[in-house]
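Visitor: Here is what each chain is made of, one letter per residue.
There are 2 protein chains.
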Amino acid sequence: MTDTSNGAQALIRTLVDSGVDVCFTNPGTSEMHFVAALDDVPEMRGILGLFEGVVTGAADGYARMAGRPAATLLHLGPGLGNGLANLHNATRARTPMVNIVGDHATYHKQYDAPLESDIDSIAAGAPGWFRRSMSPDTVAADTAEAVAAAMSPPGQVATLVLPADTCWLPAPGGAVAPIAPTPAVEVDQVDIDATAKLLRSGANCTLMVGGRAMGERGLRAATRIVEASGAKLLAETFPARHRRGAGVPAVERTIYLAEFAQMQYAGTEQLILVDTAAPVSFFAYPGKPSVLSPEGCEISTLADGAHDPVATLEALADALGAPAEVTVAEHTVPARPTGALDAMTMAAAVAATLPDEAVVVDEGNTAGIGLGGATQGCAPHDWLCLTGGAIGIGLPLATGAAIGAPGRRVVNIQADGSAMYTLQALWTMARENLDITVVVADNGRYAVLDMELDRVGAEAGGPIARSMFDLSGPDIDFVALAAGMGVEGVRVDTAEDLTTHLERANRTPGPQLIDAVIPPLQA
Amino acid sequence: MTDTSNGAQALIRTLVDSGVDVCFTNPGTSEMHFVAALDDVPEMRGILGLFEGVVTGAADGYARMAGRPAATLLHLGPGLGNGLANLHNATRARTPMVNIVGDHATYHKQYDAPLESDIDSIAAGAPGWFRRSMSPDTVAADTAEAVAAAMSPPGQVATLVLPADTCWLPAPGGAVAPIAPTPAVEVDQVDIDATAKLLRSGANCTLMVGGRAMGERGLRAATRIVEASGAKLLAETFPARHRRGAGVPAVERTIYLAEFAQMQYAGTEQLILVDTAAPVSFFAYPGKPSVLSPEGCEISTLADGAHDPVATLEALADALGAPAEVTVAEHTVPARPTGALDAMTMAAAVAATLPDEAVVVDEGNTAGIGLGGATQGCAPHDWLCLTGGAIGIGLPLATGAAIGAPGRRVVNIQADGSAMYTLQALWTMARENLDITVVVADNGRYAVLDMELDRVGAEAGGPIARSMFDLSGPDIDFVALAAGMGVEGVRVDTAEDLTTHLERANRTPGPQLIDAVIPPLQA
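Residue numbers (my numbering), protein chains in the order written: chain A, 1 to 523; chain B, 1 to 523.
Here chain A stands alone, though its shape is the one from the complex (with noise of 0.2 Å):
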């Protein structure tokens, strides 16, 4: 970068020095200074999304697969407004990121001109790192600290608001050097032997992991100390990318109904955490627990999001003298299923013809019950959930997938409710022609909203409010949808077609999408 660059310019250099050349898009005009960057520094990949939604959710998946952040760049309040339900869920699934919020010139906001608003405390809705970087003089300087706490244990969402002038204005010191994250704390031997010594007390004991230690080394070490101690194993709910399939150790997850959670947790006495919160309830219900673990269990964390988890889970394997082998789950893929496609025989498609190495994007909510069994023998995979309950991030997180890990196949398990709130990640992926399979689980209804209408007791709910979950009359037509974007789609209602399209789409080169038919849960 020589001395004749601007504010924008000096930031997407360093950017791009600091490790970050992804930047998901939805400029507008107080943007155009960046905009017009990207020409300079040819390096930084701009991918133009439709919605914030979209790129939010896609910086997510991005960072998911390919460990580092993705940048954002969004048009002031409103933007940020727009993206921030996937920011919640990145939030929640502790994503490195780093916004780029474009906001009014430094001596404009004054004026409370028509696309003025409070961005600040916008931002506040997914915290994490936050600044305004107020001169062209520190831009460079912000940029690299924001992409070091996105990337410091165990990762966050950074804001950068940038004022239109400090993109425009000259910036002669360009760039600066990447600057180091924080790197992660470890977790006293002392407090390891502590756990061990628990472990071997003969307390009924719960391991549960979640975060980082999803991966295939930290399953690994959690099942050795299990195997070793006698503990159970137990996973969080939606954890954002979890390492399953033959050969790998597979691990239970908390489910999501409270009630059969409790039945998971019934009897410990203790409850170690690696990584992750002890379990409560998504919601509360009326005359029912918010904490999930038995009343009198103790809980402790081993480690958090400042450690590694990974190594802690090892140390701790270590010190309970645990052997290197475990149990993992055997190669056995269900059979091509046949007949009336339901919850059930789309997850045995979708596992029958899971290819190597995909990377599975489950948005199913209630469609997706079965797939977790399904697939658990099936090659090696990643798995991404929705982290934080804001639903609408399936076809966003596929598209980042994607970009994130090409080579690899991503197959999305999408509701079709949810679908409809981003629906215009479709067109990214037509345009960037990415590798991804979605399968519309196309039930015509919020089905977990008429679950969830009886779970919380409301008993009056009638005609009206039923009304309320139907996505029928008019039925939406996916296929269409999908065609209206530049994706191709076919619609399918027998188990046997389901398989044959998945087949057909999973070596189809870029986008294909398949609305699978199929009956609400409770119907």
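Just so you know, the hints here were simulated from the structure itself, not pulled from any lab data.
Errors might be hidden in some of the hints.
Same chains, same names: a pair is fine if it fits in one copy or spans any two.
Claimed, not checked - Keeping only pairs whose Cα atoms sit at most 30 Å apart, straight-line, the calculated BS3-like set for lysine-lysine is:
no.: 1; residue 1: Lys232; residue 2: Lys288
no.: 2; residue 1: Lys109; residue 2: Lys288
no.: 3; residue 1: Lys232; residue 2: Lys109
no.: 4; residue 1: Lys197; residue 2: Lys288
For this one, chain A is given, so just place chain B on it according to the hints.
Guide: Chain B in isolation, oriented as in the chain A frame:
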């Protein structure tokens, strides 16, 4: 309401008793008791949107036409975030609206469940009245206050956060009586006389009007004033609702492009504001001023949000002894256009076919440049603008306007890029069978950004930058997208076909979409 009601029932009954009987919804689990209560208070009409940006934009359109608020039902922080961009627009339009944002039960928040987030901060992105309703004993009173706040001059967004247990616990008190909005403050006769004196002083005066002054009575009074005094009359750039057409006094609106707006205000020595703010540039541009009125121009506000701008203008006209008769727009409808389709022939086609008492929803952006002039002499109609600059309002606004103005045809001129933001509104149009004609101004680009890239002086922008504005590759097929959501559509590329299809669509009950292929403004 009996003494067996719960908080949700008391809330909805209070809304209905306060005149709020339409609720645009996208609920989740924390709102299940609210949804169940819809069956108990059937006077409340629940209307489902498949994304919260549709919900909030529709509530805006409803209130602009009905003159009273709709309620929205949103799901925690992410639901509010998804609705925030159109709430920003509603805030700028000063639209009365009552948002109900469901939240975790009061006792459940401490557990930081996955959907927990800082709702209070997010809501600050669309500032207005805000309260968290902590008990079923107070929820009815909170609701009545929310409606009164929304309705108090000049109108605002009121947001009531509703913990799940506030909904489900018994509310033996039931509903409460409506609370009267704050009355408008009367402008002092001394100020009116002083303004009359100013107008007679020989100074070069401009009367600038906006907001609630943009109805027929307000424009008539404003025109009396300028015709009696020789002042210039200008309106704000993007009014929430502008009455216009044959028989209505025509008013020149401030032009979006700052360079041209400066010419409109050139020479003004005294700028008198009625229910609007002094003109400022939408964005900052290097080396160009933010303030668009001339240097040295004195600016005074005669009536602001707290006042009744129409009564104030009428009092000022009377103080000037202005005759009641004013010049109004003549009835002149453009000839049916022929030949190639572009922004100007599209405008002529819309004007040549505009139904009596149409409601025009204008999110045409660059493609809408000819609309105002072409329709000036059409039969009387109302014109709804994008007030806050957050794109993606048109389709939702049209949806709500059709519900708020039954029996009138809504004609929505819709830029393609903005349409993609909240496309899901088409489904609600079909579900509710709303009389809406959507004309997609389909130029395959974010054409406004081509223009803005040039305007900001970002001369370095090359092919990479320009590719960020390109909506072709793949081309978006809006007819397929409409079909996917149950809306009939047709693609046209000549002025004759557009005119013919507009005529047909405007007299066809229910929604119709016309994909009008036009060249980008600068092509």
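Visitor: Which earlier hints turn out false for this structure, listed by number in ascending order?
Guide: 4
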